[in-house]
Each structure stands twice: as C-alpha cells, then as structure tokens.
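**Q** The listed protein sequences derive, respectively, from chains A and B. Going by this note's numbering, 191 is the number at position 191 of the first sequence; the sequence numbering is gapless. Going by this note's numbering, 191 is the number at position 191 of the second sequence; the sequence numbering is gapless.
Any given hint could be a false lead.
Claimed, not checked - Restricting the straight-line Cα-Cα distance to at most 25 Å, the calculated cross-link-like pairs of lysine-lysine (BS3-like) are: (1) A:LYS347 / B:LYS201; (2) B:LYS201 / A:LYS329; (3) B:LYS201 / A:LYS337; (4) B:LYS314 / A:LYS201; (5) B:LYS314 / A:LYS218; (6) B:LYS347 / A:LYS201; (7) A:LYS330 / B:LYS201; (8) B:LYS346 / A:LYS201; (9) A:LYS201 / B:LYS310; (10) B:LYS329 / A:LYS218; (11) A:LYS346 / B:LYS201; (12) B:LYS461 / A:LYS218; (13) B:LYS329 / A:LYS115; (14) A:LYS115 / B:LYS346; (15) B:LYS329 / A:LYS201; (16) B:LYS115 / A:LYS201; (17) A:LYS115 / B:LYS314; (18) A:LYS346 / A:LYS461; (19) A:LYS314 / B:LYS115; (20) B:LYS201 / A:LYS461; (21) A:LYS330 / B:LYS115; (22) B:LYS248 / A:LYS296; (23) A:LYS310 / B:LYS201; (24) A:LYS329 / B:LYS310; (25) B:LYS201 / A:LYS314; (26) A:LYS201 / B:LYS201; (27) B:LYS201 / A:LYS296.
Claimed, not checked - A few chain A residues that don't get close to chain B, going by computed Cβ distances all over 10 Å: (28) ASP151; (29) LEU208; (30) GLN226; (31) LYS248; (32) ASN322; (33) TRP326; (34) LYS330; (35) GLY343; (36) GLY355; (37) ILE374; (38) TYR387; (39) ASP397; (40) LYS414.
Think of the hints as simulated: they come from the structure by calculation, not from any bench. Idealized CB from N, CA, C, for every residue including glycine.
There are 2 protein chains.
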Amino acid sequence: MLLRVRAAVAQLAAGLGAQPPAEPRGGGAGAGRGSPPPAAFCRPAFLQLTPEELRRADDHTGRAVQSPRDSRCRLPWSTGYAEVINAGKSQHNEDQACCEVVFVEQRSREGSGEKGFYFHYWALFDGHAGSGAAVMASERLHLHICEQLRDLVEILQDPSPPPICLPPDTRTGSADPNQVSYAEDGGEVPNDAVPRFHLEKAVSHESLVIGAIENAFKHMDDQIEQERASQHLAGGCCALAAIYLMGKFYVANAGDSRAIIIRNGEIIPMSREFTPETERQRLQFLALLRPELLGKEFTHLEFPRRIQPKELGKKMLYRDQNMNGWAYKKIEEDDLKFPLIFGEGKKARMMATIGVTRGLGDHDLKVFSSNIHIKPFLSCFPEVRVYDLTQYEHCPDDVLVLGTDGLWDVTNDKEVAGVVMEVLTSYEPNDPCRYTMVAQELVVRSRGVLKERGWRLANDKLGSGDDISVFVIPLGGPGNYT
Amino acid sequence: MLLRVRAAVAQLAAGLGAQPPAEPRGGGAGAGRGSPPPAAFCRPAFLQLTPEELRRADDHTGRAVQSPRDSRCRLPWSTGYAEVINAGKSQHNEDQACCEVVFVEQRSREGSGEKGFYFHYWALFDGHAGSGAAVMASERLHLHICEQLRDLVEILQDPSPPPICLPPDTRTGSADPNQVSYAEDGGEVPNDAVPRFHLEKAVSHESLVIGAIENAFKHMDDQIEQERASQHLAGGCCALAAIYLMGKFYVANAGDSRAIIIRNGEIIPMSREFTPETERQRLQFLALLRPELLGKEFTHLEFPRRIQPKELGKKMLYRDQNMNGWAYKKIEEDDLKFPLIFGEGKKARMMATIGVTRGLGDHDLKVFSSNIHIKPFLSCFPEVRVYDLTQYEHCPDDVLVLGTDGLWDVTNDKEVAGVVMEVLTSYEPNDPCRYTMVAQELVVRSRGVLKERGWRLANDKLGSGDDISVFVIPLGGPGNYT
C-alpha cells in the first residue's frame with residue numbers, strides 16, 4: 001500500500017512564509033498542484049483528475065460523484081473517499097480534502113539522520129465566501145501539525161511522564177531528568193528521586209499531542225492572515241482533521257463538519273458542531289465584555305424574533321450569556337438592535353452573517369454594508385477528541401466517517417451507520433474498494449437524484465444542494481497498512 | 001402527608017427588602033427561626049431540634065447524625081434527610097438545607113382568589129467563610145423561585161406554546177393571541193392564523209421554568225449583596241436545588257454539590273460540579289478580556305507548577321483559554337505571576353483563594369492581603385437539568401440523591417447507588433422511614449468511625465472531615481403524596 005503513498009518528510013519553510021511546502025502533498029507523480037492562481041478551481045490531488053475529469057467534476061447539473069480510482073491512487077488503509085459539487089450555490093466545489101502520511105523528523109542539531117515517527121492524516125475543509133482559505137488549509141494544515149510535533153519526538157517516544165520544563169535550547173527534546181525537573185523550593189531534584197512534585201500537575205503524552213494540534217490550527221490561521229493579501233486568499237473554511245498517531249486517533253474539529261465512529265453497529269460521536277447556537281454563550285459573553293465589537297448595530301441579548309419599535313414597553317422573551325432558559329423582560333430602546341445570534345437550526349446566524357463560529361480564515365469578513373468585523377467572534381481552535389484504537393478489537397466493518405455539512409444536513413448518525421453496514425455487507429471484508437463504495441453511497445444518498453423538482457432523496461425530500469465530501473476510514477486494519 | 005407540610009403561600013416582600021418572608025418555612029408550628037442574629041448557629045427548621053439536641057448536633061467530637069424524626073416532622077414524599085457536622089474545620093455546620101411545598105399564586109389584579117399551582121422543593125447550601133449567605137439562601141431561595149414563577153401561572157397551564165411577547169401590564173398572563181403575537185412585517189397576526197412565524201424561535205414551557213430558576217438564583221444573589229451589611233451576612237455558599245413542578249424535576253446546581261438519580265440500578269447524573277478546573281476556560285477568557293481584574297498578581301495562563309525566576313528563558317508547559325491540551329512556551333517575565341487557576345482536584349483554587357466557581361454570596365471576598373476581588377469571576381447562575389418523571393414507570397427504589405461535597409469527596413456515584421439499593425432492600429417498599437435510613441447510612445459511611453487516627457472509613461481510608469448533608473427523594477410516589 002505504501003507504494004502509492006508519499007511518506008513525505010514534511011517541512012514547513014522557515015518562518016512559515018509564502019513559499020509552497022517543501023514537498024507537495026502525496027498522490028503520485030504529477031499530481032501536485034503547487035500554488036494555484038487565486039481562486040483557481042482545484043480538487044484534491046489524490047483524485048488525480050485529468051482536465052476532462054476536472055470539468056466533469058465541476059458540472060453543477062450532472063453532479064457526478066468523484067472518488068480515487070483503484071489502479072492509480074489508492075489511499076492509505078484503503079480509505080474510502082467520495083465528493084460531489086453543489087447544485088449551484090457557488091461556482092465551484094468549495095470543499096477541499098487532504099489525505100497524507102507525514103513523517104515527523106526530530107528537530108536536529110545538525111540536520112542529519114535524526115529520529116522521527118509517522119502520523120496518518122485525513123482532513124476535510126468546507127470553504128465559504130471564496131476558496132482560498134480552504135485550498136491553502138488543505139495544502140498546509142498537516143505541515144503545521146508536523147511542525148508542532150517536531151519538538152515532541154523524543155518526549156512522545158519516552159514512556160515516562162513528559163517533562164514540565166525544558167532547557168531553553170529548542171533544538172533538543174532531551175529527557176535528562178536532572179536538566180528538566182525542579183522542585184518548588186528551588187532545589188533541583190532528579191525525576192527518579194521525587195517522581196512527581198506534589199504541587200505539580202500531571203500532564204499526559206496525549207494532552208501534548210492535543211496541544212500541538214490546537215496550536216497548529218492557530219498557526220494555520222495566522223499564515224492565512226499573513227498571506228491573504230499576497231496570495232489573494234479569500235474566504236474562510238471549516239476544518240475537520242483526523243490524525244492517527246501511536247495507536248490513537250485525534251479528531252480535531254473547528255466548524256460544522258462532523259465525525260462519527262461506527263463500531264460493531266454502535267455510534268460514537270467524535271466531534272460536535274460549532275455554530276451560533278452551540279456557541280451562543282461564548283459569543284454573548286464576549287459581546288458583553290467587548291460591546292465595541294458590536295458597533296451600534298447589535299445587542300448581545302437573544303430574542304426569539306425581531307422586535308418592532310411599536311413594541312417598546314411590552315415584555316418579550318430573552319436570554320443572556322448566563323441563561324439556558326428564557327424569561328420575559330420589558331423591551332427597551334437598546335433591545336431594538338439586531339440580536340447577535342438570530343435564527344434557528346441551519347438558519348442560525350451570528351450578526352446576520354455567518355452560520356459557523358469556528359474555522360480558519362475570514363480575516364476580512366464584515367457585516368454586510370458595515371465596518372463591523374466578524375473575525376473577533378470566530379475561534380480558530382478545534383475541539384480535539386481522542387479515540388484509543390488499542391483499547392478495542394476492531395473488525396473490518398468498524399469505520400471512522402468524516403463528512404462536511406453537505407452530508408449531515410439531510411441525514412443523521414443512525415442513517416449513516418445503516419448505509420455503512422448495508423454497503424460493507426455486500427463486499428468481501430478484504431476487498432479494498434469497499435470503503436470507497438461506502439463513501440460513494442453516502443454521497444449519492446445525500447445528493448439524491450435529479451428529478452423535475454430538483455435533487456430528491458429516496459423519500460422524495462429535497463437532497464443536499466451543498467458540496468458533499470466524505471472519508472470512510474477503516475479502523476480494523478491499520479497494522480496491515482502502515 | 002400534607003398535614004405535616006406547610007403549603008406556604010410564599011410571597012416575597014415587595015422589592016425584596018430586608019423583611020423576613022411573609023411565611024416562615026414549613027415544618028410545623030414553632031419551628032420557624034425568624035431572622036437569626038448574625039452568624040447564629042442554626043439547623044434546618046424541619047429537624048425541629050430542641051436546644052439540647054442542637055448542642056449535640058454542634059459537637060465536632062461525637063459527630064452525631066441528625067435526621068427528621070418520624071413522629072414530628074416527616075418530609076413530603078417521605079423524603080429522607082441526614083446530616084452531620086464537620087470534624088472541626090469550622091466552628092459550626094456550614095451546610096444548610098430546606099424542604100418545602102410552595103404555592104405559586106398568580107399575580108392578581110386585586111389580590112383575591114386567584115389561580116396557582118404548587119411546586120415541591122429540596123435544597124442544600126454548602127457555606128464557606130461564614131454562615132450568613134447559606135442561612136439566608138436556605139430561607140429565601142424558594143421564595144425567589146416562587147416570585148419568578150408567578151407571572152407564568154397561566155402560561156404554564158396553557159398547553160399552547162408560550163407567547164413570545166406580552167402586553168406591558170405585568171398583572172396579566174393573558175394568552176389572548178391577538179394581543180401577544182406580531183408578524184415580522186409589522187402586521188398583527190393572531191396565533192391561530194399563523195401558528196408560528198417562520199423567523200420566530202420556538203420556546204418551550206420547560207425553558208421558561210429554567211429561565212425562572214436561573215433568574216431566581218440571580219435575585220437571591222442580589223438580595224444577599226444588598227442586605228449583607230445590614231444583616232451582617234458573611235461568606236458565600238454553593239446551592240443545589242431540586243424543584244418538582246408539573247411532572248418534571250428541575251435540578252439546579254451552582255457549586256460543587258452533586259445530584260444523581262438512581263433508577264432501576266442505573267445512575268443518571270443530574271448535575272456537574274463547577275470548580276476552577278471545570279470552569280477553567282471561562283475564567284481564563286474573562287481574565288484575558290479584563291486583565292485589570294487580576295491586579296498585577298496573576299497571569300491568566302495555566303502552568304503545571306509555579307515557575308521560579310531562575311527559570312526565565314526556559315520552556316514550560318502551559319495552556320490558555322483556547323486550549324485543552326498542553327504545549328511548551330518560553331518563560332517570560334509575566335509568566336512568573338501566580339496562575340489564575342492553580343492546583344489539582346480538590347486542591348484546585350482560583351487566585352489561590354476559592355475552590356468553587358459558582359454559588360451565592362462572596363461579595364466581599366478578596367485575595368488574601370490584597371485588594372483583588374474574587375466575585376467578578378464567580379457565577380451565581382446554576383446549570384439546570386430536567387428529568388421528566390412522566391416518561392418512566394418508577395418503583396419505590398428509584399430515588400434522587402442530593403449531597404454536599406462532604407458526601408462526594410470520599411465516595412462516588414456507584415458506591416452511593418450500591419448503598420441506596422442495599423439499604424432499601426432491607427425495608428418494606430411502603431415503609432416511609434426507608435429513605436431516611438438511606439440518607440443516614442450514606443452520611444455514616446462517608447463520615448466513618450472515630451478511631452485513634454481520626455475518622456476512618458470501612459476500608460480504613462480517611463473519612464470526610466467536612467459537613468455532610470444528604471437528601472434521598474423517592475421518585476416512585478409523588479402521586480401519593482401531593
């Protein structure tokens with residue numbers, strides 16, 4: 001399997017400047033796309049689309065489902081992937097995807113022959129208001145993760161607890177206990193004499209990886225900010241990434257994509273969505289503390305609907321940053337402003353502008369015809385959930401599914417699990433195509449079929465008109481493929 | 001059963017001034033304690049302790065367990081209750097408790113013969129740094145809840161969705177649809193013509209009750225603030241309250257007390273604890289946005305231990321308000337300040353001062369020998385969880401257990417469930433004493449037995465030296481008792 005995967009020694013250019021990554025991402029010779037021209041239409045490199053295929057993938061009318069083809073571009077672990085373009089809501093498919101095996105080389109003293117480890121990486125990026133952020137994130141996020149992990153190579157491979165403090169020399173991950181542990185009273189105590197100072201908090205290896213992923217998202221966002229002018233990067237994107245490292249999956253989510261594990265028919269949510277509704281209290285709290293961020297247009301209070309001037313003095317339901325329930329308040333002048341959070345479900349918007357509250361990019365996004373910036377309310381930090389693959393026996397039908405909201409808008413965990421089990425049953429357990437078949441079926445069922453009244457699902461409800469992208473990652477076979 | 005319960009028509013004095021409640025809380029004639037002198041030692045009225053019994057309850061050496069006695073003061077629903085004083089950490093028992101049946105009278109036009117409903121109420125208050133806040137909250141919180149519910153009497157009894165907007169007249173809960181609903185375009189549309197305007201958010205009856213409870217906590221906190229000088233109210237308290245209203249339990253928690261339901265042997269957590277650890281990110285976010293609240297003494301960053309000046313320039317693990325994982329940063333001058341959150345588990349403290357981050361009171365609390373106030377970081381708002389009693393068939397062994405941290409510090413959900421099932425099995429299902437026996441056993445097992453080396457549990461570990469208070473509320477019999 002590895003023959004078809006580039007185990008790239010990923011290195012970000014020093015200073016995270018405007019250079020393309022030292023190694024284009026995997027997928028075979030000729031597939032790298034380099035630095036695309038601004039807002040160029042592109043699809044994931046691993047699809048290896050010919051110009052003709054690219055045109056077909058870009059067709060809103062046919063909405064042909066795209067997958068890697070067996071012979072040319074099998075993904076690690078026989079991962080299944082499928083995608084389809086939207087029904088016309090944007091010119092091109094604004095989803096992007098990346099699948100890589102990345103080698104993390106220990107930051108060396110001399111740059112020669114150092115230790116390291118691999119991680120596997122799958123990610124979906126759901127762009128909005130332009131494709132630039134999603135394209136750049138799909139090319140670089142894994143390199144930022146690699147960069148963050150480079151200082152941890154020795155620490156993660158050492159079974160003893162991570163050192164709390166390291167010498168200033170950044171070029172070593174030395175675990176010499178005499179150098180790295182100090183007792184509270186100022187005396188130096190080797191680790192083996194006092195295993196853990198009683199006022200010292202235990203920090204796990206796992207939480208170092210989580211911290212590395214969190215900071216990688218932040219650096220990715222910073223890079224988009226710095227290069228957005230020179231690279232003409234427009235828009236923003238949700239980011240959902242799965243990292244397999246030393247027996248554990250780390251699923252990092254910033255936005256409204258979604259990941260679930262299906263194990264022996266059981267559903268294990270591996271992410272939650274970040275929207276104006278789920279993050280209401282964080283946003284209201286920020287707006288209360290920094291009212292200048294609202295201009296004079298918005299109120300941090302939430303109301304179930306717009307208030308009209310003639311309703312002044314009446315009592316209306318509201319909730320503030322402290323409340324989960326609703327209560328009545330007398331309507332005052334200030335309450336006539338537009339609510340910071342407004343709308344319900346998929347229509348919920350922050351400052352009447354955006355429906356997701358975490359992600360990358362969006363540095364220039366403003367409220368329509370105003371000078372009010374959205375970015376201060378958006379968080380680029382993901383929530384990272386961990387799944388320990390070594391804790392369970394996995395069979396070939398156990399999978400991790402990653403999907404953009406195009407998938408989840410018209411289906412749910414249970415239906416997805418049903419499709420997964422149904423499709424996998426009809427292929428031999430050792431057929432490497434079976435996960436691609438699942439991904440395709442998931443995309444087709446969410447897209448629906450074009451009828452007179454638009455794209456329709458089997459139950460005649462409206463299909464998803466959004467871009468749809470899905471990874472189906474088998475959990476049963478990592479040992480065979482790495 | 002109701003014969004022994006005061007179905008108080010609870011009314012807070014207008015303006016929530018310094019007057020005692022119009023009706024002292026229930027428990028039978030003569031049990032009201034009125035306005036206690038500052039920091040007076042008192043126990044829950046429903047215990048009806050004689051002066052001699054009160055002295056015995058106040059004895060740190062004997063630590064006798066207190067419960068209502070059958071003949072004089074049975075609690076609604078045969079609720080079990082038991083408490084014990086601490087092992088000497090404070091002069092008196094700083095826990096307080098309240099159990100009431102409260103009548104909510106609709107706010108009337110004339111004050112005559114109006115509609116209303118009852119709610120059942122159980123609450124525990126775990127005081128710190130003085131008893132004043134806990135005593136006052138135990139006397140008043142249910143009256144504040146009652147006050148908040150008074151405007152909702154008609155609305156909650158009307159099965160149609162709550163009106164979004166009410167006429168300014170506070171004296172009516174009128175549900176006349178022509179008066180209360182307006183469409184977005186400015187035209188008035190009666191409720192029955194347009195059931196719910198499509199840009200209008202649905203608000204449930206349940207969420208109105210949650211909002212009422214949340215605001216009642218806020219008003220309780222405001223009252224403590226206003227009266228703390230005149231009433232010499234010292235300290236603060238955690239508050240855990242269970243309200244049974246129209247078939248549902250609302251469990252409201254602000255602090256580190258804990259509630260669980262045990263149903264058919266299954267454990268259902270009904271609260272979570274609010275501590276510097278569980279609320280770290282909220283506290284760090286506030287500190288970041290309002291650094292002046294930290295004086296110049298604290299940093300909003302968290303470190304696993306104190307940093308020493310000589311470590312400047314080295315790299316240390318940290319996390320900020322965005323992170324769940326840990327990462328290394330170069331130590332700078334500012335990092336030498338004391339971390340906002342420090343310590344682990346029961347020893348975690350905010351600004352080296354307090355181990356709970358929600359509750360009532362504490363308006364004067366400052367960091368030791370400084371002018372830095374703690375209160376801005378504390379939230380008086382509870383988290384409210386709802387349990388619908390009508391969704392399940394309950395047997396006499398199904399209970400809701402409320403306990404202060406004195407209970408939970410030395411035990412866990414599973415052990416408590418074990419004791420509950422063990423004790424209930426040894427009493428007839430219709431024995432009204434059985435829930436009191438459970439409460440007593442839970443208290444005794446957490447307190448332990450006095451041995452040469454202090455209070456010891458059955459496993460010889462140290463027993464809880466804290467005040468311990470426990471309610472055991474049967475879920476199987478509400479219909480029989482109301």
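**Q** It remains to establish, for every hint, whether it holds in the given structure.
**A** Against the structure, the hints:
| no. | hint | result |
| --- | --- | --- |
| 1 | A:LYS347 / B:LYS201 | holds, 11 Å |
| 2 | B:LYS201 / A:LYS329 | holds, 16 Å |
| 3 | B:LYS201 / A:LYS337 | holds, 17 Å |
| 4 | B:LYS314 / A:LYS201 | holds, 18 Å |
| 5 | B:LYS314 / A:LYS218 | holds, 22 Å |
| 6 | B:LYS347 / A:LYS201 | holds, 11 Å |
| 7 | A:LYS330 / B:LYS201 | holds, 18 Å |
| 8 | B:LYS346 / A:LYS201 | holds, 13 Å |
| 9 | A:LYS201 / B:LYS310 | holds, 20 Å |
| 10 | B:LYS329 / A:LYS218 | holds, 14 Å |
| 11 | A:LYS346 / B:LYS201 | holds, 13 Å |
| 12 | B:LYS461 / A:LYS218 | violated, 46 Å |
| 13 | B:LYS329 / A:LYS115 | holds, 23 Å |
| 14 | A:LYS115 / B:LYS346 | violated, 40 Å |
| 15 | B:LYS329 / A:LYS201 | holds, 16 Å |
| 16 | B:LYS115 / A:LYS201 | violated, 57 Å |
| 17 | A:LYS115 / B:LYS314 | holds, 23 Å |
| 18 | A:LYS346 / A:LYS461 | holds, 16 Å |
| 19 | A:LYS314 / B:LYS115 | holds, 23 Å |
| 20 | B:LYS201 / A:LYS461 | holds, 23 Å |
| 21 | A:LYS330 / B:LYS115 | holds, 24 Å |
| 22 | B:LYS248 / A:LYS296 | violated, 41 Å |
| 23 | A:LYS310 / B:LYS201 | holds, 20 Å |
| 24 | A:LYS329 / B:LYS310 | violated, 55 Å |
| 25 | B:LYS201 / A:LYS314 | holds, 18 Å |
| 26 | A:LYS201 / B:LYS201 | violated, 45 Å |
| 27 | B:LYS201 / A:LYS296 | holds, 24 Å |
| 28 | ASP151 | violated, 7 Å |
| 29 | LEU208 | violated, 6 Å |
| 30 | GLN226 | holds, 19 Å |
| 31 | LYS248 | holds, 13 Å |
| 32 | ASN322 | violated, 4 Å |
| 33 | TRP326 | violated, 5 Å |
| 34 | LYS330 | violated, 7 Å |
| 35 | GLY343 | violated, 7 Å |
| 36 | GLY355 | holds, 15 Å |
| 37 | ILE374 | holds, 18 Å |
| 38 | TYR387 | holds, 15 Å |
| 39 | ASP397 | holds, 29 Å |
| 40 | LYS414 | holds, 20 Å |
Violation of the numbered hints given earlier is confined to hints 12, 14, 16, 22, 24, 26, 28, 29, 32, 33, 34, 35; the remaining hints are satisfied by the structure.
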